[in-house]
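> One-letter residues, chain by chain:
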Amino acid sequence: MKAVVLAAGKGKRLWPLTENRPKPMVPVANRPILEHLVDGLDAAGVSEIVLVVGSNRERVQSHFGDGQEWDLDISYVIQEQQLGTGHALLQAESHVGESFIALNGDRIIDAELISQIWEQHQATRDVVMGVTRVDEPSRYGVVELDGQDVVGIEEHPIPALAKSDLINAGVYAFTPDIFAAIRRTNSHGEQALTDTLAELMDSRRIRAVHYRGMWLDVSEPWDLLDVNDSLIAYQGPPDDEPATVDDSAIVAEAAILGDGVVVHPQAAVLRGVTLGDNVSVGPGVILENAVILSDVTLKAGAVVTDCIVGANTVIGPNTTVEGGTTDVVLDDAIYRDVTFGGLLGDNVDVGGNVTVEPGTVVGNDATIDSAAVISGRIDDDSHVMRG
Amino acid sequence: MCGITGYIGTEATGRIVHQGLKNLEYRGYDSAGIALTGDTLRIYKTKGEVDELPVPSQANVTCGIGHTRWSTHGEPTEENAHPHTDCTGDVAVVHNGIIENYDALKDDLRADHVFRSETDTEVIPHLIETHLADDVSLLTAVQRTTGQLEGSYAIAVTAAGHDGIVVAREDSPLLLGHSDDATFIGSDATAFIEHTDRVTYLETGDIAHLTEENIAIYNDGNRVERDTETLEWDADAAGKSGYDHYMLKEIHEQPRALRQALSGRIDELATGVDLDVDLPAEYLHSVEEIQIIACGTSYHAGLFAKELLEAHADVRVSVHVASEYEFNGGRDPWRTLVLAITQSGETADTLSALREASHAGARTLALTNTLGSTVTREADDTIFIRAGPEIGVAATKTFVSQVATATLFCVYLGQLRNAMPSKTATDLLADLRALPGAVQQVLDQEPHIKATAHEYADSDAFFYIGRAAGYPVALESALKLKEISYDHAEGFPSGELKHGPLALVTPNTPVIALLTNETRAEKTLNNVKEVKSRGAPVIGVSSDPAITSHVDTVFAIPDCGQMGPVVANVALQLFAYHVADRKDRAIDKPRNLAKSVTVE
Chain A
1 MKAVVLAAGK GKRLWPLTEN RPKPMVPVAN RPILEHLVDG LDAAGVSEIV LVVGSNRERV
61 QSHFGDGQEW DLDISYVIQE QQLGTGHALL QAESHVGESF IALNGDRIID AELISQIWEQ
121 HQATRDVVMG VTRVDEPSRY GVVELDGQDV VGIEEHPIPA LAKSDLINAG VYAFTPDIFA
181 AIRRTNSHGE QALTDTLAEL MDSRRIRAVH YRGMWLDVSE PWDLLDVNDS LIAYQGPPDD
241 EPATVDDSAI VAEAAILGDG VVVHPQAAVL RGVTLGDNVS VGPGVILENA VILSDVTLKA
301 GAVVTDCIVG ANTVIGPNTT VEGGTTDVVL DDAIYRDVTF GGLLGDNVDV GGNVTVEPGT
361 VVGNDATIDS AAVISGRIDD DSHVMRG
Chain B
1 MCGITGYIGT EATGRIVHQG LKNLEYRGYD SAGIALTGDT LRIYKTKGEV DELPVPSQAN
61 VTCGIGHTRW STHGEPTEEN AHPHTDCTGD VAVVHNGIIE NYDALKDDLR ADHVFRSETD
121 TEVIPHLIET HLADDVSLLT AVQRTTGQLE GSYAIAVTAA GHDGIVVARE DSPLLLGHSD
181 DATFIGSDAT AFIEHTDRVT YLETGDIAHL TEENIAIYND GNRVERDTET LEWDADAAGK
241 SGYDHYMLKE IHEQPRALRQ ALSGRIDELA TGVDLDVDLP AEYLHSVEEI QIIACGTSYH
301 AGLFAKELLE AHADVRVSVH VASEYEFNGG RDPWRTLVLA ITQSGETADT LSALREASHA
361 GARTLALTNT LGSTVTREAD DTIFIRAGPE IGVAATKTFV SQVATATLFC VYLGQLRNAM
421 PSKTATDLLA DLRALPGAVQ QVLDQEPHIK ATAHEYADSD AFFYIGRAAG YPVALESALK
481 LKEISYDHAE GFPSGELKHG PLALVTPNTP VIALLTNETR AEKTLNNVKE VKSRGAPVIG
541 VSSDPAITSH VDTVFAIPDC GQMGPVVANV ALQLFAYHVA DRKDRAIDKP RNLAKSVTVE
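Taken in order, these protein sequences are the chains called A and B. Oh and the first sequence: position 272 is 272 in this note's numbering, straight run, nothing missing. Oh and the second sequence: position 14 is 14 in this note's numbering, straight run, nothing missing.
It is worth saying that the hints were derived from the structure and are not from the lab. Among the clues, some could well be false.
Below are the DMTMM-like pairs computed for lysine to aspartate or glutamate, each with C-alpha atoms no more than 20 Å apart in a straight line [what the hints assert, rightly or not]:
1. A/K12 with B/D444
2. B/K240 with A/D331
3. A/K12 with A/D331
4. A/K2 with A/D146
5. B/K240 with A/E69
6. B/K450 with A/E19
7. B/K240 with B/D544
8. B/K532 with B/D552
9. A/K10 with B/D552
10. A/K12 with A/D381
11. A/K163 with A/D177
12. B/K240 with B/E446
13. B/K583 with B/E600
14. B/K240 with A/D71
15. A/K10 with B/E446
16. B/K450 with A/E48
17. B/K240 with A/D202
18. B/K240 with B/D581
The shape of chain A in the complex, shown without the other chains (with noise of 0.2 Å):
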C-alpha cells in the first residue's frame, strides 16, 4: 500500500515555530506531528510513502531520511509554491501508478481510519474519505451525508449554518484518475482538493468512512499543550528514559524527556511537560503542562507553565511564565478563555526575572532584558528592555 502525504503547509497560526520548520515537523509528545502520522501509516500496513514537501523541507528530508528507520521507503517530492492541496497532490502524479491513500500532514489519526479507508476502497474502487466528529466543526470543512455518501462540504461554514457535526478528516483513498479531476477543476489561484471532491460529487459516488477514534489537530498554539498531554496519556510512560537526572529533582512519571536532557538538582519536571532533545533544566526550575523544544536552556529558578518553548532558546533565572486561562488575540480572531502561558520561539533570549504575561507570543531571535514584563505579540529580533 502506498501513501501521498501533504507535508508543504505553513502553518501560519503556529508561527513563530513554523517559520523555521513546517507544520508537519513540530513537536508532540517529542516527535515531529508527521512521525507520530508515519506510525499510524506504518501499522496500517502501508510500505512506500511519498511526502510532498514545500518550504523548508530540509527538516522533513533529514528526520527521516529514506524511510530505512522505520523500514519504509520514504521519497520526496517538492512543491515549489503554495498553491493549494489539490496542487500538492499533483505533483506526486508522477510517483503513483494505482490506488493509494492520500492524508494531509498536519493531523494525527490512528492507523485504524487508514484500514477501514483502504478496506472500503478495495471493496468498491470509490474515492472514500473520512469524516470524523468534532466539537467546532466550523473551524474545518463540515460535510453532508446521504446515506454513506458524502453529498457536500462547505470550508468553514458560518457556525449557524453547519449542515453538520462531522468534518472532513482529510484522509482518502484515490485512484489515479483523480489527477485529471484536479486538473479540470477551476482553479481560482488555489487548487483545493476539496473543489475537486465537490465537483466529483455530481459524477461518481464519494464515499465517508465514519471514524471515531484518535483524530488530533494542531491549529492553534494552545492545541499543541492538549495534544501534547493527549498523546502522553495514549502513549503511556515511555519505557527508557536517555536522561540525567539529578536525584533530588521531580520528574513526573508521564513526562517525556529526550536524549541527552539534563535535569539538575531540585527541578521539578511536573505533568504534561515534554523535553526536547539536549534541554537543560537548571536547579530549582518548575515545568508543567509545557512542550519545550531541543536545546532549549531553563536557568535556575525558572517557572514554566502552560507554554510552548522553540529550540535553542535560553530563559533566564527565576523567569516565570505563570500560565492559566486567557483571552487571546491572533489573526485578529479573539479566543476566550484558552488555557495558554506562551509561545517562546526558537533562539529567544530570555534574561532573568522576566514576567511572561498569559497569551504572549514571541517571534524568533528575540531579546528580553531581565526584570522585563511583556505580554501580547512581539515581534522577530525584537528587543524588548526593562521599564
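Take the given structure of chain A and dock chain B to it, following the hints.
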C-alpha cells in the same frame, strides 16, 4: 584508492556486483569493471563512472568480482581498468593498494607474458598463471603469489575452471559479508550493506577461499578463525533523502551528528566527561607532548584540537601532515602520545605515520568514524566520533564531529592532568552543548548564504582569514571550496596576509574573514581594513551585530563561545556548496579526488 566488491552465492551475480560498485563509487570513479566466472571467464570494463558500465545479465553465473578505480599507476583508460587478466584470459584479479616491486616482477615475467596495461596490478594474474601451470589449486597459486608481492594490497581473484573466489589482504582494507546463502566481498561494508550487516574483518596476511558452501581463512599457511560482527550502521545513507547531493544531506545532518557525538559523554551534573579512554591515567598524566598526525580535513581538525589542548590541558601539541611525519627531534617516546585522526580509519599516510610512532615506542590513540577499521586495530586506544556514514567526498559532518569529540578529549585530559579549572570545563561543555542548536540556526539561514554564494560565484579566487581557532577553520573552509568548485581558494592566518599573500588581493577576490568570539576578531578586523583598501569585497562571519559596518556581507552566527569557529565552518560549507552548485560541479564526486585515500 579503489573499491573492491564480489559475490558468491545462489543469485545472478551481475546485478549484485554492479550495485556494490555503485555503493563504492565514492572510493574512486574514473573506471570500473566486473568479472563473472562460470565455466568461462567474462570481463566487462569501462572508462568512466559505474553508470557507464552495463549490468551483466548472465542469469546462471553466481560468482563474480568488481572494481571501481581511482588511478595511481596508469591513466584512467579501459585497458587500465580492473579486473586484469593473465595471458590465457582465465584468471581475473581486482586490486586495491600498491605493488611496490611490480617493476622487477614485470621484468621477470616479460619474456613469457604479454602485458596489456600500465598498472602495477597486472603482474598478479600473470604470477598466478605461472603457479597454476604447476597444476595447483587457485588458493595455493594465490598463496605463492602473495609471497612474491611487496606493498599494500587487497585482492580478489577468480579463475575459470576453479571453484570460488580467493581474496588476500595486506594492509589495505577488506572484509566479508555473510547472508544466509551468500558471501559478499567489500573494501568496506557499504559495498553490500543492503544485503547484510554481518561481517568479518580480514586481518593483514589473511587469505580466504570463498565457495558457495564454505569460507576458509588462512594466515601464514595455517587455517585461522575470524570473528563475525554485526554492524551498527544501517543502509540509511544509501539514498540522498530528497537532497540534490550527499554533501548537502550531510551538511544538514550535522545537528544530529553532533548530538550523537556528545550523547552520553557529558556528565553535566558532575561537570565531567565520560569518554571510555583505556590509556592509563598515570601515563596521560606524565605525557609531555601530543603529536597529532592526520591528512586533509582531519589535519585541520587536528590544528583546532591543538588550540584547545595547549590552552586548557597543559600539554605541548604539534600537528603533523601524516605523509611528512617522522618520529625524531630527540623526543622521549615514553612521554609522547601520538593522536591519529582519520575519518575512514584506512588513510594510508596516517596509518604509515602511526606505525612509525608505534615502532619508535610511543603510545597511540585514534580518533575515527569507522568501527572495525584498520586504525582501530593498530592504535593502542580509539575514540569514535559517531558521525555516521559520510558519502560525499568533501568531508563536512565528520569535521564538526571530530572537533566536538576532540574537545571532549581536551576536557577529559585537562581534568585528569589537574590543569583545567571547573569554570573552564563548565564553559567548554556548555559551548559543546549549545553547538547542535547553533548549527541548526546556521542551516536555517541557507537562503541568505546561497544568495551570497551566487553573487560571488564568478570571482577569480577566494581567500579565508582567521586567527587562533579561526585559522584552522579558514584552512578547512578554503579546502571545501577548492575541492568541490575547483576555484582557487586559500586560507591564511589573518596576520600573515600582509607578509605576501596581500599581493593576490584584488576587487575580484572576495575575502572571507572569521570574526567569531575568542579568535582575536578585533585584530583580524585590522586585516579586513587592509584588504578593503585594495577593493576586495569582504564577507564577515561573526556573532557580533556591530560587524556590519566593517564588511560587505555578514553571515551572522549565534555566539557559541570557543565552538564559534565550528559554527562558522558550517556557514562556509553551505557557501562552498552553493558556489559549486551554481557552476554545476560534480559535488559528490569531484574530479581527481576520492573519499579515503588508501595509497601513500
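> If a hint holds in the structure, say so; if it doesn't, say that too.
Comparing the hints with the structure gives:
1. A/K12 with B/D444: Within the cut-off at roughly 17 Å; holds.
2. B/K240 with A/D331: Violated: B/K240 and A/D331 sit about 39 Å apart, past 20 Å.
3. A/K12 with A/D331: holds, 10 Å
4. A/K2 with A/D146: The given pair, whose Cα atoms are some 29 Å apart, is violated under the 20 Å limit.
5. B/K240 with A/E69: Holds, because 15 Å separates the two Cα atoms, which is no more than 20 Å.
6. B/K450 with A/E19: Given that 20 Å is the threshold and the Cα spacing comes to 18 Å, the pair holds.
7. B/K240 with B/D544: violated, 35 Å
8. B/K532 with B/D552: With Cα atoms ~9 Å apart, B/K532 and B/D552 stay inside 20 Å; holds.
9. A/K10 with B/D552: violated, 32 Å
10. A/K12 with A/D381: holds, 18 Å
11. A/K163 with A/D177: violated, 29 Å
12. B/K240 with B/E446: holds, 18 Å
13. B/K583 with B/E600: violated, 31 Å
14. B/K240 with A/D71: Given pair B/K240, A/D71 holds - Cα atoms ~16 Å apart, limit 20 Å.
15. A/K10 with B/E446: holds, 18 Å
16. B/K450 with A/E48: Answer violated: B/K450 to A/E48 is near 33 Å, above 20 Å.
17. B/K240 with A/D202: Roughly 43 Å between the alpha carbons, so the hint for B/K240 and A/D202 is violated.
18. B/K240 with B/D581: holds, 16 Å
Hints 2, 4, 7, 9, 11, 13, 16, 17 from the list above are not met by this structure, while the remaining hints are.
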